[in-house]
Amino acid sequence: MELSPVVLPFACLPNVEYTSWMIHSAGLNIEVHETFPRQTCRNRYAILTAEGPFMLTIPVKRPGGNHTPFKEVLLDDPAKWVNNHWRAIESAYNKSPFFLYYRDVFEKIFRKPPDTLFELNFQFLNTLNQCFDIKPSFQFTTKFIRHYPPPVIDMRDLIMPKQDSAQQFPRQDYPPYIQAFSHKLAFAPNLSSLDLLFNLGPESVDYLTRIYHGNIA
340 MELSPVVLPF
350 ACLPNVEYTS
360 WMIHSAGLNI
370 EVHETFPRQT
380 CRNRYAILTA
390 EGPFMLTIPV
400 KRPGGNHTPF
410 KEVLLDDPAK
420 WVNNHWRAIE
430 SAYNKSPFFL
440 YYRDVFEKIF
450 RKPPDTLFEL
460 NFQFLNTLNQ
470 CFDIKPSFQF
480 TTKFIRHYPP
490 PVIDMRDLIM
500 PKQDSAQQFP
510 RQDYPPYIQA
520 FSHKLAFAPN
530 LSSLDLLFNL
540 GPESVDYLTR
550 IYHGNIA
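Sequence positions in the sequence shown follow my numbering and run 340 to 556.
Hints should not be assumed to be uniformly reliable.
Listed below are the simulated DSBU-like cross-link pairs for lysine-lysine, each with C-alpha atoms no more than 35 angstroms apart in a straight line [what the hints assert, rightly or not]:
1) 410 - 451
2) 482 - 410
3) 447 - 410
4) 419 - 451
5) 482 - 451
6) 523 - 482
7) 434 - 419
8) 434 - 451
9) 434 - 523
10) 474 - 410
11) 400 - 482
12) 474 - 451
13) 482 - 434
14) 419 - 474
15) 400 - 419
16) 447 - 474
17) 400 - 451
18) 447 - 434
19) 447 - 482
20) 523 - 410
21) 410 - 400
22) 447 - 523
Label pairs and their calculated CB-CB ranges [claimed, not checked]:
23) 478 - 434: 19 to 29 angstroms
24) 344 - 434: 21 to 31 angstroms
25) 422 - 496: 28 to 38 angstroms
No wet-lab data here; the hints were simulated from the structure.
Quantities reported herein were computed from a predicted structural model and do not represent experimental measurements.
Every residue, glycine too, gets a C-beta built ideally from N, C-alpha and C.
Can you build the whole structure from these sequences, using the hints too?
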């Protein structure tokens with residue numbers, strides 16, 4: 340079956356759903372020419388703490404105000420957020436079975452972040468793909484298109500850091516796996532792919548294949 344091309348937002352440490360799109364390389368495009376939208380997956384990601392899902396936001400600076408293109412968005416002073424983010428991740432996952440195996444490659448990025456959100460997300464995405472041992476074939480958009488015609492699947496405004504994509508993919512589409520606090524908390528689906536990686540390790544690709552939504556058009 341021929342798959343429809345897909346347009347994704349450029350997410351930061353993207354959720355499991357986002358990464359499930361990455362495992363299939365047919366016609367995958369990542370939006371980089373939009374005006375930066377606030378409070379989205381571009382600079383937010385969710386982890387699981389002892390109290391439940393917790394949203395982490397990377398503070399940014401928009402030189403052009405509300406009209407700043409995504410590729411021109413700057414990271415705020417790392418001293419204001421890097422330690423807090425890494426401590427939260429370390430506290431949440433230091434007992435997960437694969438955290439020690441993968442932690443160094445992510446800590447390295449956090450400790451020396453680049454200047455732009457584009458470059459940070461690119462480093463995170465490449466690192467996740469390497470850890471998952473997947474080699475997706477994707478390209479960045481060359482211009483902004485407000486409305487894509489069928490059969491393109493436009494996910495730019497559907498992949499959200501706090502929820503599944505609208506009602507298109509129900510929560511039951513995410514089979515439970517053992518998480519760091521499974522002994523006290525109900526399964527929390529579709530968190531940052533860090534959660535999947537630190538808990539399932541090499542088995543993550545099998546999980547991503549099971550929930551892959553690319554055959555939905």
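Verification of the hints:
1. 410 - 451: This hinted pair holds, its Cα atoms lying about 19 angstroms apart.
2. 482 - 410: At roughly 12 angstroms apart (the allowed maximum being 35 angstroms), residue 410 and residue 482 satisfy the hint.
3. 447 - 410: Given pair residue 447, residue 410 holds - Cα atoms ~22 angstroms apart, limit 35 angstroms.
4. 419 - 451: holds (13 angstroms)
5. 482 - 451: Between residue 482 and residue 451 the Cα gap is close to 30 angstroms, so the pair holds against 35 angstroms.
6. 523 - 482: violated (47 angstroms)
7. 434 - 419: holds (26 angstroms)
8. 434 - 451: Holds, because 25 angstroms separates the two Cα atoms, which is no more than 35 angstroms.
9. 434 - 523: Between residue 434 and residue 523 the Cα gap is close to 14 angstroms, so the pair holds against 35 angstroms.
10. 474 - 410: holds (23 angstroms)
11. 400 - 482: Given that 35 angstroms is the threshold and the Cα spacing comes to 22 angstroms, the pair holds.
12. 474 - 451: Roughly 25 angstroms between the alpha carbons, so the hint for residue 474 and residue 451 holds.
13. 482 - 434: violated (44 angstroms)
14. 419 - 474: holds (34 angstroms)
15. 400 - 419: Holds, at about 13 angstroms.
16. 447 - 474: holds (22 angstroms)
17. 400 - 451: Given pair residue 400, residue 451 holds - Cα atoms ~18 angstroms apart, limit 35 angstroms.
18. 447 - 434: holds (20 angstroms)
19. 447 - 482: holds (32 angstroms)
20. 523 - 410: violated (41 angstroms)
21. 410 - 400: holds (12 angstroms)
22. 447 - 523: holds (31 angstroms)
23. 478 - 434: 19 to 29 angstroms: With a Cβ separation near 39 angstroms, residue 478 and residue 434 fall outside 19 to 29 angstroms, so the hint is violated.
24. 344 - 434: 21 to 31 angstroms: Distance hint for residue 344, residue 434 is violated at roughly 41 angstroms.
25. 422 - 496: 28 to 38 angstroms: Given a distance of about 32 angstroms, which is inside 28 to 38 angstroms, the answer is holds.
Taken one by one, the earlier hints fail for this structure at numbers 6, 13, 20, 23 and 24, listed in ascending order.
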